[in-house]
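2 protein chains.
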Amino acid sequence: MSQPKYLTGNKADIEEFLSRFDVFLFDCDGVLWSGDHLFPKVPETIEMLRSKGKQLVFVTNNSTKSRADYKKKFDKLGVPASVNEVFGSSYSAAVYIARILKLPAPKNKVFVLGESGIEQELDAEGVPYIGGTDPAFRRDMEPDDFTNLANGSALDPDVGIVLSGLDFHVNYLKMATAFQYLQRGAVFLATNTDSTLPMAHSLFPGAGSVGAGLVKAMGREAVALGKPSQAMMDAVEGKFQFDRSRTCMVGDRLNTDIQFGIEGKLGGTLAVLTGVSKKEEFLSEGAPTVPMAYVDALGDLVD
Amino acid sequence: MSQPKYLTGNKADIEEFLSRFDVFLFDCDGVLWSGDHLFPKVPETIEMLRSKGKQLVFVTNNSTKSRADYKKKFDKLGVPASVNEVFGSSYSAAVYIARILKLPAPKNKVFVLGESGIEQELDAEGVPYIGGTDPAFRRDMEPDDFTNLANGSALDPDVGIVLSGLDFHVNYLKMATAFQYLQRGAVFLATNTDSTLPMAHSLFPGAGSVGAGLVKAMGREAVALGKPSQAMMDAVEGKFQFDRSRTCMVGDRLNTDIQFGIEGKLGGTLAVLTGVSKKEEFLSEGAPTVPMAYVDALGDLVD
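The listed protein sequences derive, respectively, from chains A and B.
1344 is the number of the first residue of the first sequence in the numbering used here; add one for each residue after it.
1344 is the number of the first residue of the second sequence in the numbering used here; add one for each residue after it.
Bound-form chain A, shown alone (with noise of 0.2 Å):
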């Protein structure tokens, strides 16, 4: 595989690398801010790339907020967007499972393992769902809840779906629910299986060690709707219409945001050195994912 291209300093190859793509999309988290952090020149750098044209969409794998709630920080921290560009987890799932798995009514609804973010983005697209910031489902399991899951009286005959996603008041009632819907033959879904969460400069659970309780019961994965799953590259397709040969994906993270635009088939992958991965990590002799470019923060493809 060939050396990724190192753009930082360098303006020729930067016009060189931005007239190739009609659209970016970008990760946020490590990119363009960290936490409340904005990164140096980052609003300049959307300036730049919309005063060229180019279509931008903002792909994150945060499954707590909606796209409405990640608008809002956009606004706080003077990243100019629109709602209509951002692309959460949760939106690609309430998409995928409205517009690509279509149920049919009434055993579409779906139990939900998440926050508001993911209802909101349901109620958007129309599905119905139980479960998620439902009150009734914050207690502690008792001894009639095993007998009342285990012979079907305490479930919803509808709920064909699980969705899994970051929930911040798991427990085991919730999880042995969603169990018992998965033994039932309801598809499983994850907004995304992201292990970690960074928060205050640490890693918390993320999504997917959320959901992975439910993973081992099955002995199985969920169809992911996030980053690096392609479900997700297919939604955000679906609703954008761009042509892939003509787009770029810009992350930190290697082997989601990278491999994402790598597995895609994206006309090209940039990776910013603000977030987790190191440079040392793509630059080694047989590392399993390259970038095509990369430069040491966002801000350097202005100058």
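I should point out that these hints are in silico values taken from the structure, not numbers from a laboratory.
Please read all numbers here as calculations on a predicted model, not as lab measurements.
Treat the hints with care, as some may be off.
Straight-line distance between alpha carbons at most 20 Å, and here's what the computed SDA-like set of lysine to any residue pairs gives [as the list claims (entries may be wrong)]: (1) A:K1450 / A:S1496; (2) A:K1416 / A:G1469; (3) B:K1415 / A:P1486; (4) A:K1395 / A:F1583; (5) A:K1621 / B:G1562; (6) B:K1416 / A:P1486; (7) B:K1395 / B:K1416; (8) B:K1397 / B:K1608; (9) A:K1416 / B:P1486; (10) A:K1415 / B:E1387; (11) A:K1395 / A:S1459; (12) B:K1419 / A:P1486; (13) A:K1416 / A:G1378; (14) A:K1397 / A:K1445; (15) A:K1445 / A:K1419; (16) A:K1419 / B:K1419; (17) A:K1414 / A:E1387; (18) B:K1419 / B:E1387; (19) B:K1622 / B:A1640; (20) A:K1450 / A:K1414; (21) A:K1414 / A:D1466.
With the hints as your guide, set chain B onto chain A.
Only chain B this time, still in chain A's reference frame:
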């Protein structure tokens, strides 16, 4: 591999088989009983073995019950047994921590993800612990928790071990706290890693599923103290000092019980068909785990 001997109805073969062993390790659920249903002639079989001078050990992966809790179940179902003959995965973990791992105090404190059975056994072995059934951990994760866990101010500096078992009160706060201790180098132990818990004629998430989030977040497995882990066999042997060549494991699950006996190089293994595994699984060509002998039910060992 030679075919297992079918002992049901063959008195001479039964006599010969029993004569080879001084010690019998018994799995409980699926062998002695199923839930609260005692299998026929189990008390008579136990008495017959005792009358022949055999030593009996009841080895169970259930981590929610202490040995004392388990003794109550034996009493209730009318199976003669003493507390000292019961060896559960919680006790196994406590013995492993106190007598084999032996971290120097005060850095030997355990963060428990589990129920009171684990706490009772840690108490019995004099192992300090936090977490477990402490109501302080039975609450929602709050924004400050991310900060205080990340900077360590919410952590006990003496915790050197995370012990994960079946926790019916699992939540994000406990998972995040355990994950922080693990990231800081705590030893990662699990009472057992059974993916499912048979209850009410159905399956529910087991200890392995409750702990799967930590495994996913860490990217590595815990050291398991239940069957088929040989750490449990070492703990059983450490307590009972038996001759492995004169010991037989009796169980219903090939991939836990029978595997446990084979890997432990015991003199024999006996499968019973009243539980999970079917005889087709070990009688077929190329079966991965084959017992030395089998009976339809444990009670077949007596007339």
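Hints the structure violates: just list their numbers, smallest first. 2, 7, 10, 11, 14, 15, 16 and 20
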